[in-house]
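Engineer: Using the hints, position chains S and Y against chain V.
Residue numbers (our numbering), protein chains in the order written: chain V, 27 to 182; chain S, 44 to 170; chain Y, 8 to 277.
Careful: at least some of the hints might be erroneous.
Straight line, CA to CA, 25 Å or less: simulated SDA-like cross-link-like pairs of lysine to any residue [what the hints assert, rightly or not]: (1) 57(S) x 161(Y); (2) 57(S) x 173(Y); (3) 173(Y) x 152(S); (4) 45(S) x 169(Y).
If you anchor each label on the Cβ, the simulated ranges turn out as follows [to be verified]: (5) 111(S) x 65(V): 47 to 55 Å; (6) 138(S) x 135(Y): 23 to 31 Å; (7) 253(Y) x 55(V): 34 to 42 Å; (8) 117(S) x 136(Y): 33 to 41 Å; (9) 264(Y) x 64(S): 22 to 30 Å; (10) 44(Y) x 163(V): 23 to 31 Å; (11) 112(V) x 99(Y): 56 to 64 Å; (12) 146(Y) x 163(V): 29 to 37 Å; (13) 135(Y) x 108(V): 51 to 59 Å; (14) 44(V) x 111(S): 52 to 60 Å.
Some chain Y residues flagged as far from chain V (calculated, every beta-carbon gap over 10 Å) [claimed, not checked]: (15) 51; (16) 109; (17) 158; (18) 180; (19) 262.
Since the hints were derived computationally from the structure, they do not count as laboratory data. No residue lacks a Cβ here, since even glycine has one placed at the ideal position from N, Cα and C.
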Amino acid sequence: MTSAATWEPLTGMDPVMTIAQDLFTTMIDGEPGHLSPWLGDTPVLEDPRYAWVDVDGPVVTRVMLMAGRATGENLTRALLAMDADEPVSDADFADAVGEIANVVGGNVKSLVTNPGALSLPVVGRDEPDNSSAMRIMATYFGWKGAPLGVSLWALT
Amino acid sequence: MKALVIDDSRVMRKIVGGILVDAGFEVVEAADGQEALDQMTLNDDITLCCIDWNMPVMSGFEFVVEVRKHVQWRDVTLMMITTEGEQGQIVRALAAGAHEYVIKPFTPEVILDKLQFLGLVEMKETV
Amino acid sequence: MTLTDDAFDFVATLVRQRSAIQLERGKEYLVESRLAPLARTAGATDVDSYVRALRNDVTKHDLVVEALTTNETSWFRDANPFAVLHTTVVPELVGRGRRDFRIWSAACSSGQEPYSIAMTFSEHFPALRPQIIATDLSELMLDRGRAGEYTQLEINRGLPAPMLVKYFERTGATFQITPSIRNQVHFRHHNLLEPAPLGGPFDIVFLRNVLIYFDVETKRDVLRRVRMSMAPDGYLFLGAAETTIGVDETWERIQVGNTSIYRPREGKTR
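Just chain V, with the same shape it has in the complex (with noise of 0.2 Å):
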């Protein structure tokens, strides 16, 4: 079996599209409609920050999320509870974006044939080395009116 046949149910937008509105329905909004396709060009993500786990696998595939830092600030609020103007540490950032990207893997991981260990999150400033990685797909999501970010890569 071939990395591409192993990933063919999530080359479409749809999957990760539910993945997301599910966990932003249930834990970050409470309540459905504030997650959905960004129309338009790509955005460009302000002072841009990146949350992955990887599953492992005969190709190990990496799960990414990609937002703003103010997005990711926002979305650590979210989840703590937080009042809209508390200030969020880096500790917590890293926390609740890693989680979230954990969540997102390992619904991702659910869906596909003969998914190996999902690694534990890895947030950062930058982005992962992806250099000899392929990417099987990306998508954003408008948040609130802020983009969002979900690729998959295979790394070779």
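Structural biologist: Positioned in the frame of chain V, the structure of chains S and Y alone reads:
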């Protein structure tokens, strides 16, 4: 009633802990399976563990396996709360001795429904 | 919230005429959120303008009624009634010689309730294979029930994990109920304002969380029709906050722990 919430994510510990406190539990926390075992030894009145799977040092699965070796913890309810959602993983966890399994993401009702079915809480119906 | 008062009233009237379900003030958010997907599909700017356009388009009325008459469901809802089913009700009826159980799950929505009943029997009385009639007003829901396929979010609600692994199979993003359970449930379209469905006399009826939507007179009518469809020694289960007390005195209430169950009072089955 005392519950032990085990997750390497502080965010998750806070969310799960909050749900359990609302349901009437006193909550203690651990960030990995080893810390969790320490908490089990320190607190002899834990009746429920909510356990993440993927954690550093010792995973939630390994924690379940370890707990089930000890007769003094025989009556503790073990509930996995994890992103691991494949059928095979659920089967493994239950076979290792977990009693319940929640796939992330979840709402508070998901956990409360399961606690009610297990007889750990009594719910008032809201219409 | 875009829904204006008179748009809400229009929808409430429509729904009441077609189904006798009462949408009172306070349910505006429910209407807004249930109609939002329809409004989006129709390309309306918001729910209020979608509803306004509806007044002149009778063909859309069915959709609206369907969207508003589906319930939130979980598996083994409230847990206790299903415990009472296997600890008390079924053993008692078996004691009276019952072997072929006929069960009616009314307002079954997407099937969680009738399948929960089937799983309860399978867990505790595997030799009995009940015949379960599951009815609902919504064809959409009946189709979902017949398919027996559920999302991860749906499967998380109230389904004990040991039953998940025993009775479901995950395929991709959804979980499918096993044929042996699925085959015990027959889904049929039925309106509670009409005579009871075929398949009776029923030994057990689940009529949970649907009477709440009706006015008192309609509640009485529904309960009367249900009673007439039941075996005289059969049992009725209502929702946890519901009762026949004060509505219909022809039922005997029996308390089992925290759960009330109802039986037609002797000599008053007609």
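Engineer: Test the statement that residue 51(Y) is away from the interface with chain V: the closest C-beta pair must be farther apart than 10 Å.
Structural biologist: Its Cβ never comes within 10 Å of chain V, the nearest being 15 Å, so this holds.
Engineer: Check the following: the C-beta atoms of residue 253(Y) and residue 55(V) are separated by a distance inside 34 to 42 Å.
Structural biologist: holds, 40 Å
Engineer: Could you see if the CB distance from residue 146(Y) to residue 163(V) stays within 29 to 37 Å?
Structural biologist: Because 35 Å falls inside the window, the suggested range holds.
Engineer: That 23 to 31 Å hint for residue 138(S) and residue 135(Y) (C-beta), does it hold up?
Structural biologist: holds, 28 Å
Engineer: If I take the minimum Cβ distance from residue 158(Y) to any residue of chain V, is it greater than 10 Å?
Structural biologist: violated, 8 Å
Engineer: Just to be sure I understand the hint, the distance between the Cβ atoms of residue 117(S) and residue 136(Y) should be within 33 to 41 Å; is that true here?
Structural biologist: holds, 35 Å
Engineer: Range hint 23 to 31 Å: satisfied by the CB atoms of residue 44(Y) and residue 163(V)?
Structural biologist: Because 25 Å falls inside the window, the suggested range holds.
Engineer: Do residue 112(V) and residue 99(Y) keep their Cβ atoms within the hinted range of 56 to 64 Å?
Structural biologist: holds, 58 Å
Engineer: Falls inside 47 to 55 Å, the C-beta gap from residue 111(S) to residue 65(V)?
Structural biologist: holds, 51 Å
Engineer: Can we trust that residue 180(Y) is non-interface, i.e. its beta-carbon lies farther than 10 Å from all of chain V?
Structural biologist: violated, 6 Å
Engineer: Does residue 262(Y) sit more than 10 Å from chain V, CB to CB?
Structural biologist: Residue 262(Y) is indeed farther than 10 Å from all Cβ atoms of chain V, at 35 Å.
Engineer: Take the C-alpha atoms of residue 57(S) and residue 173(Y), compute the straight-line distance between them, and say whether it is at most 25 Å.
Structural biologist: violated, 32 Å
Going down the numbered hints, you'll see the structure goes against 2, 14, 17 and 18, while the others check out.
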